[in-house]
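Starting from the known structure of chain B, fit chain S onto it as the hints suggest.
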Amino acid sequence: MTTDRKRFTGGQRLLHWAMAVCIIAMFFIGVGMVSTIMPTYVPLLATHKTLGVAIFVLALVRLAVRARSGTPPLPADLPAPMRLAAHLSHYGLYGLMFAMPLLGWAMLSAGAYPVVLYGDIRLPAILPQNAALHTLLWNAHSYLAFAFFALVLTHVAAALFHALVRRDGVFEAMAPVGSRSGTPSR
Amino acid sequence: MPLPPSGPRSTLASLAIIGAVCIGATGAFAYTAGWLSPDRLTPTKLVDALAPPTGPVPGYRRNHAKGICFTGVFEANGNGAALSRAKAFATGRHPALGRFNLGTPNPGAADATVRVRGLGLQIATDDGAVWRAAMINAPVFPVATPAAFYELLRVPASKEPNAMATFVAAHPEFAPFGAWAKSPDWTASYAQEPYNGLNAFLFTNASGTEQAVRWSFRPQAQAERITPEDLAKRGEAYLEREITERVAAAPQRWSLILTVADPGDPTADPSRAWPEGRRSVEAGTLVVERIEPEADGPCRDINFDPTILPDGIRVSDDPFPAARSAAYARSYDLRTAEAKDYPKRTSEAGR
Chain B
5 MTTDRKRFTG GQRLLHWAMA VCIIAMFFIG VGMVSTIMPT YVPLLATHKT
55 LGVAIFVLAL VRLAVRARSG TPPLPADLPA PMRLAAHLSH YGLYGLMFAM
105 PLLGWAMLSA GAYPVVLYGD IRLPAILPQN AALHTLLWNA HSYLAFAFFA
155 LVLTHVAAAL FHALVRRDGV FEAMAPVGSR SGTPSR
Chain S
3 MPLPPSGPRS TLASLAIIGA VCIGATGAFA YTAGWLSPDR LTPTKLVDAL
53 APPTGPVPGY RRNHAKGICF TGVFEANGNG AALSRAKAFA TGRHPALGRF
103 NLGTPNPGAA DATVRVRGLG LQIATDDGAV WRAAMINAPV FPVATPAAFY
153 ELLRVPASKE PNAMATFVAA HPEFAPFGAW AKSPDWTASY AQEPYNGLNA
203 FLFTNASGTE QAVRWSFRPQ AQAERITPED LAKRGEAYLE REITERVAAA
253 PQRWSLILTV ADPGDPTADP SRAWPEGRRS VEAGTLVVER IEPEADGPCR
303 DINFDPTILP DGIRVSDDPF PAARSAAYAR SYDLRTAEAK DYPKRTSEAG
353 R
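Top line first, the protein sequences correspond to chains B and S.
Numbering follows this note's numbering, in which position 31 of the first sequence is assigned residue number 35; successive positions increment by one, without gaps.
Numbering follows this note's numbering, in which position 227 of the second sequence is assigned residue number 229; successive positions increment by one, without gaps.
Calculated from the structure, these hints are not laboratory results.
Note that the coordinates shown come from a computational prediction; the quantities given were computed from them, not determined experimentally.
Each residue gets a CB set at the ideal place from its N, CA and C atoms; glycine is no exception.
Be a bit skeptical, because a hint or two may be false.
Said to hold, decoys possible - Derived DEER-like restraints, expressed as beta-carbon distance ranges:
#1 Ala22/S - Gly99/B: 25 to 35 Å
#2 Tyr98/B - Thr13/S: 25 to 35 Å
#3 Ser146/B - Pro54/S: 19 to 29 Å
#4 Leu67/B - Val157/S: 48 to 58 Å
#5 Thr28/S - Ala129/B: 33 to 43 Å
#6 Thr158/B - Pro268/S: 24 to 34 Å
The following block holds chain B by itself, in its conformation from the complex (with noise of 0.2 Å):
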């Protein structure tokens, strides 16, 4: 569903840049837990687990209200290549905000690893444990993980491409703050 809004709702462009700074900071946390020993390890686990978790609840309440809100339209001169690259790489990015809280969960089910939280919230497991499930989940949670640093990647490389080659209005449509459309050319 399209809106005749040129922007993103407040809400929608709050979800959107604080879901930002969970994912980015997923990706971070998540090879330099991997990669190292050393005490951080432990707060860096719980903290994957802790923002997995709240990005997954915050990609439930983005979708509704992205249901409820619609998306401003693309500008009609976007040519189609782009626009069916715009299309699809949503796709990928929604997907992934689901998929990978759930293959990780699903991973430390299958590993028979308690999930808690901070807090000391648990979350049941929601697989038996089993050695190939695990395997399997845990390289699709790893090959995903790739993919989706390079989606996000992709999606700020096209963001900037819009704002600063373009200048079509995409950008602006979900900048954190103000609007910066009517402003005088460079």
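For chain S alone, kept in the frame of chain B given last:
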């Protein structure tokens, strides 16, 4: 209104900015992942260093590879509740499962060749909390830091002629463990060993008071001292046969002793014992009721990660639990991926 499209020069500059952002982000990611820091001590390096010269045995734990499962109960007497609000210390019977093991990467190692014996333990409480621990019979840990432990693991592979002597000279903290390891009075049963947590953890009680604690499971069975030479005569997998028969005849018991640090005691260094006379609390009894071969047993697929702790216990400034957790996870990931290499049946000796 959208801005007009930018000119060619600023387009180039803009593309350069975009490229720089992407390269910068990728570089930061690579740095965080350790790809730019070959000297970083990673879980992979630590686990690889545990492997015997012939390489790791696929499908098995990368250390403490030889073991046998048990189930039983932890009978808490309530005394531990003064130190920790964890349900495991509330008076009652809490289900336990665990694993007796030998500190070797070789699941086929002969009993008499391995000085370090271990106990992996999980206590689950009806509030849903899980407490896991992995303990050994040594009274102290060999070294003070995970980095020193990595150095120690690399000694056998060293080309240097006096590598061990050099290591000991550089790590005087190794002496108490070294003396214990050389002492000839081994015991003849897993049931006769003490299992010491060695690492300090912070216990928080119901009123929020936090204290550093180390724990030990002390055997109630009388120790039968035996030399490794005599143990060797009883067979390569005597200990598993013995504990199976012993527990079939009667449950075996250990008392859980919690020892509280005084201010100034070395909580961050498990190679240093705390002075005698520290306050200690007997918190209950571990009762081992049933032995099962590892292959089909409930302990096989459990990672006895010492950072899996209930509310009321948390890691202290001791750097080892984190390092062990990271390494155990790596070992678990490897062996679960190699599950097809793990034999479906235990050796006859283990039955």
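These are the hints, each one checked on the structure:
no.	hint	verdict
1	Ala22/S - Gly99/B: 25 to 35 Å	holds (29 Å)
2	Tyr98/B - Thr13/S: 25 to 35 Å	holds (31 Å)
3	Ser146/B - Pro54/S: 19 to 29 Å	holds (28 Å)
4	Leu67/B - Val157/S: 48 to 58 Å	holds (56 Å)
5	Thr28/S - Ala129/B: 33 to 43 Å	holds (36 Å)
6	Thr158/B - Pro268/S: 24 to 34 Å	violated (51 Å)
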